[in-house]
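Protein chains: 2
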Amino acid sequence: MNKLKISIRVNKLNQSPIRKFFALVERAEKRGIKVFKLNIGDSDIETPKEILKGISSFKNKNIHYAPSSGIKEHIEAWIKYYRGFGIYLGAEEIISTVGVSEGILMTFLAISNPGDEVIVFEPLYANYPAIAAMCGVKLVPIRLKLENGFVLSSEKEIIRKITKKTRGIVVINPDNPTGKAWGKKELEIIAKVARKNNLYIIADETYREIIFRGKPLSMLLFKNIDDNLIVLDSISKRFLAPGIRLGVVVSKNKEFTAGILKIAMSRLSAPTIGQLATIQILKKSRPFTKKLTAEFKKRRDIVNNVLRKMKGVVTYLPNGAFYQVIKLPVKDSESFIKFMLEDFSYQRKTVLVSPMEDFYVSHGHGRDEIRIAYVLNVKELNMAMEVFKRGLQAYLCLKP
Amino acid sequence: MNKLKISIRVNKLNQSPIRKFFALVERAEKRGIKVFKLNIGDSDIETPKEILKGISSFKNKNIHYAPSSGIKEHIEAWIKYYRGFGIYLGAEEIISTVGVSEGILMTFLAISNPGDEVIVFEPLYANYPAIAAMCGVKLVPIRLKLENGFVLSSEKEIIRKITKKTRGIVVINPDNPTGKAWGKKELEIIAKVARKNNLYIIADETYREIIFRGKPLSMLLFKNIDDNLIVLDSISKRFLAPGIRLGVVVSKNKEFTAGILKIAMSRLSAPTIGQLATIQILKKSRPFTKKLTAEFKKRRDIVNNVLRKMKGVVTYLPNGAFYQVIKLPVKDSESFIKFMLEDFSYQRKTVLVSPMEDFYVSHGHGRDEIRIAYVLNVKELNMAMEVFKRGLQAYLCLKP
Chain C
1 MNKLKISIRV
11 NKLNQSPIRK
21 FFALVERAEK
31 RGIKVFKLNI
41 GDSDIETPKE
51 ILKGISSFKN
61 KNIHYAPSSG
71 IKEHIEAWIK
81 YYRGFGIYLG
91 AEEIISTVGV
101 SEGILMTFLA
111 ISNPGDEVIV
121 FEPLYANYPA
131 IAAMCGVKLV
141 PIRLKLENGF
151 VLSSEKEIIR
161 KITKKTRGIV
171 VINPDNPTGK
181 AWGKKELEII
191 AKVARKNNLY
201 IIADETYREI
211 IFRGKPLSML
221 LFKNIDDNLI
231 VLDSISKRFL
241 APGIRLGVVV
251 SKNKEFTAGI
261 LKIAMSRLSA
271 PTIGQLATIQ
281 ILKKSRPFTK
291 KLTAEFKKRR
301 DIVNNVLRKM
311 KGVVTYLPNG
321 AFYQVIKLPV
331 KDSESFIKFM
341 LEDFSYQRKT
351 VLVSPMEDFY
361 VSHGHGRDEI
371 RIAYVLNVKE
381 LNMAMEVFKR
391 GLQAYLCLKP
Chain Z
1001 MNKLKISIRV
1011 NKLNQSPIRK
1021 FFALVERAEK
1031 RGIKVFKLNI
1041 GDSDIETPKE
1051 ILKGISSFKN
1061 KNIHYAPSSG
1071 IKEHIEAWIK
1081 YYRGFGIYLG
1091 AEEIISTVGV
1101 SEGILMTFLA
1111 ISNPGDEVIV
1121 FEPLYANYPA
1131 IAAMCGVKLV
1141 PIRLKLENGF
1151 VLSSEKEIIR
1161 KITKKTRGIV
1171 VINPDNPTGK
1181 AWGKKELEII
1191 AKVARKNNLY
1201 IIADETYREI
1211 IFRGKPLSML
1221 LFKNIDDNLI
1231 VLDSISKRFL
1241 APGIRLGVVV
1251 SKNKEFTAGI
1261 LKIAMSRLSA
1271 PTIGQLATIQ
1281 ILKKSRPFTK
1291 KLTAEFKKRR
1301 DIVNNVLRKM
1311 KGVVTYLPNG
1321 AFYQVIKLPV
1331 KDSESFIKFM
1341 LEDFSYQRKT
1351 VLVSPMEDFY
1361 VSHGHGRDEI
1371 RIAYVLNVKE
1381 LNMAMEVFKR
1391 GLQAYLCLKP
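If you read the sequences in order, they're chains C and Z. For reference, each letter of the first sequence is one residue, going 1 to 400 in this note's numbering. For reference, each letter of the second sequence is one residue, going 1001 to 1400 in this note's numbering.
No lab work stands behind these hints, which were simulated from the structure alone. Where hints are given, some of them may not hold.
Partial chain Z-side listing against chain C, Cβ under 10 Å, derived [unchecked claim]:
#  : residue
1  : 1013
2  : 1015
3  : 1022
4  : 1024
5  : 1063
6  : 1116
7  : 1117
8  : 1216
9  : 1221
10 : 1224
11 : 1253
12 : 1256
13 : 1271
Virtual Cβ for every residue (Gly too), placed ideally from N, Cα, C.
Please work from the sequences and hints to get the whole structure.
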């Protein structure tokens, strides 16, 4: 009898739906199958030269700890970056984090005690449920539906979820996994509810500039929510450097940032080299993110041109990020994904996508849905979609 | 009335005793005072050339995510590193972490549910209490005393602290903050108690090679504790690259490593550039760590030659790491530290050390103790100790 067990909180964690097929992919590749990986938000597009140069020109003789709140020049670069959107921040309102993942963890720890609740919109980036479970936070989901383009229609939908234990509302804008860019009206609803009910707004703006219509809409531009608002931001997606592990937590609520700083001290600092290497791109980001957004728009269109013609597939046109959710005419998308990796290839090629079930907090949703990430170049994406289409046809013939 | 409060778990966190004087230091420096920083484990010694070259020669066009468990070649380099100590590990037994800080957090989450207990020896590296508080872990301290050279004398001392809720025992070897290198007999006591009582051993071996007598003694060399043992290891201190934010969790307990991997997935990955840049030094570490250890031994002797002659100071000769704890003839060492930063200088120089109170889990201990870190070169350390001696004299004259 082994008493050396794992905790309940970790035992009930799911493996990441984005990362759990790693072993099957390796096996397919060993058999000589090319796997188009449309599962993970890690694009083929090159990291900006400014960052690569920042790394290769690292000249220090020591790799010292950074201050727990971040290296001064790095934080100043973020201030300048935000100024470009008409957002004015002080250095003490920005704390460097090891990616948004750490930002979520720190925020949940700081705003909640075990058993407290946070309202989220589902489907939801799958790491939120995982991190919430570790922090003892209960996520209370509001379901947004593919068929309605994931629109939040009224204040009521949120209000009826609020209890004495509710501490905040998470909004990911543009959204992962849906690619939805939140509208001004919808965000106003969230701001209003948060103001009235003294709730935190946790605005995850990792994909801020990647929107295909209109201007980036940060919650930092909304009035009278200074004490409510916590913005999570990241270098990873916008500057195509997810492996650099850098983000920030931004807030004008002094008690909150003081709490975050204490947590930050307990893990010493975020990576030093990355903080130094990203100063230049933060100060002059727009030319890069404009080009990037145009590229993702092209990719979105390629994917959707194929999807629109596929029988039984339900989809919509996303306005941001580089993901979308689609409904397939299958019972269990995980079984379809395994089929694609184990039993199917077209011209010795196959495609990996993510199953959606773990992007839902509520049990049993999303079994017939998948997430596609547009992380390959136009040529490969065209091929991948052709393979995907044929794969689904084959699966439906075999398992109707 | 602000309902947007901080959680209890974060509110009760202390600021890091190592990092909380940052503002006072800045002010002293603005007045033109040179501050010798003997507070933080971040040495002046240069990071190995192999690592610096690994960074400046980073040639990838993308900074992709690493696998959640670590980059294959990086993990293989750790395997080779351990083989040098007669320790044989498989790749699935090592998981890359964002420094030992993250290793502690992941381990506490994986082995405990809120309210569970972990036995520690105090004084204790101050980040353990902070991370335990965030995870809802109750630390149960066994006090080791400066006057006895911090020796653990018998099994009984541990056994009487074990309850139904006890999940593990933390041993930091060599120790931060005491510089104690644990003896084989003492470690045998821990192994025996853990075996008998089915407890995890969390062996933090960050400073493994930095010992001034005998050979490095890893708990991985002990028999019949494979399921109990969790080793936390780090690039930071041994290779003088704390800002690179890299460590590993090592265990042969498959259920435990599966749990850690799920947590690792929820934060995606440890920094990519650092993992690649440290492969070479891990494969050939001994010449570097030998030189490093000789240097720290020299520094230990300089510090202790001064301390031994200081009236009213209680000390001992540490055998490892680059810290030591000393008792001062003052009531409140924090007040002495503030005096040094605000009201004292000698030849426009002063010294910063860490107050010990927050290194104790039990309330009220260590108020007359400080931690010194030997992180300056011989010349500066000589000066710093002279300034320290005069500072203490002045403080005692003014506040006897």
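Cross-check of the supplied hints:
1. Taken as an interface hint, residue 1013 of chain Z checks out: its beta carbon lies about 4 Å from the nearest beta carbon of chain C, inside 10 Å.
2. Below 10 Å, beta-carbon pairs count as interface contacts, and residue 1015 of chain Z has one with chain C at about 6 Å; its hint therefore holds.
3. Taking 10 Å as the C-beta contact cut-off toward chain C, the hint placing residue 1022 of chain Z at the interface holds, the least distance being around 7 Å.
4. The closest approach between the C-beta of residue 1024 of chain Z and any C-beta of chain C is roughly 14 Å, which is over the 10 Å cut-off, so the hint fails.
5. For residue 1063 of chain Z, the interface hint holds, since its Cβ comes within 10 Å of a Cβ in chain C; the closest pair sits about 4 Å apart.
6. Interface hint status for residue 1116 of chain Z: upheld, as the beta-carbon distance to the closest one in chain C is roughly 8 Å, under 10 Å.
7. Because the closest C-beta pair between residue 1117 of chain Z and chain C is about 13 Å apart, greater than 10 Å, the hint is violated.
8. Interface restraint check: residue 1216 of chain Z against chain C, minimum CB-CB distance 23 Å, threshold 10 Å, status violated.
9. Among the interface hints, the one on residue 1221 of chain Z is violated; its C-beta lies about 20 Å from the nearest C-beta in chain C, farther than the 10 Å criterion.
10. Interface restraint check for residue 1224 of chain Z: the shortest CB-CB distance to chain C comes to about 13 Å, outside 10 Å, so the restraint is violated.
11. Given the 10 Å rule on beta carbons, the hint for residue 1253 of chain Z holds: about 6 Å separates it from the nearest Cβ of chain C.
12. Of the supplied interface hints, the one on residue 1256 of chain Z holds, with its beta-carbon coming within about 6 Å of a beta-carbon of chain C, less than 10 Å.
13. Residue-level restraint check for residue 1271 of chain Z holds (minimum Cβ-Cβ distance to chain C is 5 Å; threshold 10 Å).
Hint compliance for this structure: hints 4, 7, 8, 9, 10 are broken, all remaining hints hold.
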